[in-house]
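Chemist: Residue numbers (the UniProt record's numbering), protein chains in the order written: chain A, 1 to 209; chain B, 1 to 209.
Just so you know, the hints here were simulated from the structure itself, not pulled from any lab data.
Don't take every hint at face value.
In silico lysine-lysine, PhoX-like type, Cα no more than 25 Å apart, as pairs [to be verified]:
1) A:Lys116 to B:Lys116
2) B:Lys61 to B:Lys73
3) A:Lys61 to A:Lys116
4) B:Lys116 to A:Lys73
5) B:Lys138 to B:Lys73
6) B:Lys138 to A:Lys116
Below are the chains, spelled out letter by letter.
Protein chains: 2
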Amino acid sequence: MTGTERRHAGRPRSERAGKAIVEATLDLLAEESGVAGVSIEAVAARAGVGKTTIYRRWPSKEALIVHALGAVKEPLPEPSGASAREDLTAIARRFEGDRHRRYSRCFWNVVGGAEKYPELYARYRQEVIEPRRDVIRKVIRRGVDSGELRPDLDVEVAMSLLLGSLTAKRPQETFPEGYADAVVDTLLRGIENAPQSRPEADEGRFSAR
Amino acid sequence: MTGTERRHAGRPRSERAGKAIVEATLDLLAEESGVAGVSIEAVAARAGVGKTTIYRRWPSKEALIVHALGAVKEPLPEPSGASAREDLTAIARRFEGDRHRRYSRCFWNVVGGAEKYPELYARYRQEVIEPRRDVIRKVIRRGVDSGELRPDLDVEVAMSLLLGSLTAKRPQETFPEGYADAVVDTLLRGIENAPQSRPEADEGRFSAR
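Take the sequences, apply the hints, and build the full model.
Modeler: Right, here's the structure in full:
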C-alpha cells in the first residue's frame, strides 16, 4: 500500500489519469444509484479528464466498471503447492483482508443489479470472479490428485462451502480473529464426530502439514 | 401456494388490505431505487388503501419493510431432532426452494443499503435473519451434545460454512439437483482424505442415521 503510494509521485501523466478514472468510477458506483449513476460523462467530470481520454482505453461504461472492480480485488496469493490446507488457508486469509468498506458497496451494487444489467454482471463474473474461483478449483483438484483430499469430492460444492463462508458475511462486520483458519480447518476435517478414527486422522493431518 | 390462493377469496377485508400493503411494499422495494423508493405514501397509492390503514398496523416505513421481508421467507422446517444430519439437510433443502427472483432483489436492496440505512438493516437482521440462524445453531449444538458432531466444534464457523454456501449463490442461478444434500454431506464428512479411518468412520456414520 505505502509502496504503491510512494511510486505514485513518479507516475507518468497517463497512468495518473488512468488511476483518477478508476477512482472516479468506483466513487460513483459506490453511491446509492449504483450502476445507473455511472456514465462516461460523470466519470470524466469527476476525474477531471476529457471523455476522449476515457474512450481511448475503455470502449464502454461496462468495460470501465469491470476494469475498476478488477483493480480493487487484490490478486489471490499464488498457491505454493505445498498442501491444499496451506494453500486454502492462505487464500482464505486474503479474504479476511479483502474488505474495504467503500468498495464493498460497489460489488453489492453490481451483483444486486444483475437482473437489470445482466451483461455487465456476466462480464464481471467472467473477468473478475471466475479467475479467482479457478485458483481455488485448482488447489482443490491438486489436493484430490495428491490424496490429501477425498477422491470422491465435488469440487464445486467444496469451493462453495469455502467461498460462501468468506463472502456471505454481513455488511460492516469484520471477521473475528482466526476466522479464516478456522473455516479451512473445519471444512477439511468436517463437523461430524468420528471417535474411532480421530486420533489416526489427526496424526496424519499434522504430519502432512 | 394454491392453498393460500384458495383461502384468499374468503379473507376478511382487513386481511386483504394487509396483503395488498405487503405486496406493494415488496414491489417498491424490488425496484432499483430500493429502500429510498419505499414511502408510506407510495405504498398506500400502490395498494389502493389510505395512509391511515397502514399506520394503524405499522408505525413506520422501517417496521413495514421488515414485516414484508419476514412474510417472504418461509419459516425453516421444525427440526425433528432425529439427527443433525437429517435436520441440517431439511433446512438446506428449504433454501433450495427459497428463491423467488422477484423477492431476491428486495433482500439485496436492504442488505446492500446497510450502510445508508443501518437501523433498518439491524432490525431486519434481528427480526428476520437471527431467528432463522438460531434454528440452525440449536440443531448444531444438539448434534454436539448428542456426540454426533465434534465436541470441539465452533458453532458459528460451522453455521457460516453451511449458510454461506446456501446464500452466497450467484443471482439468477438455481442450485443443481441434489445440491443441498451434497453441501450438508460434505460439511459433515469434511473434504480431507483420511484413508486409515474412512471405513470405520463411514460405518459409524451410516448406522447413526
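Chemist: Now tell me, hint by hint, if it's right for this structure.
Modeler: Going down the list of hints, with the structure as the test:
no.: 1; hint: A:Lys116 to B:Lys116; result: holds (21 Å)
no.: 2; hint: B:Lys61 to B:Lys73; result: holds (19 Å)
no.: 3; hint: A:Lys61 to A:Lys116; result: holds (15 Å)
no.: 4; hint: B:Lys116 to A:Lys73; result: holds (23 Å)
no.: 5; hint: B:Lys138 to B:Lys73; result: holds (19 Å)
no.: 6; hint: B:Lys138 to A:Lys116; result: violated (38 Å)
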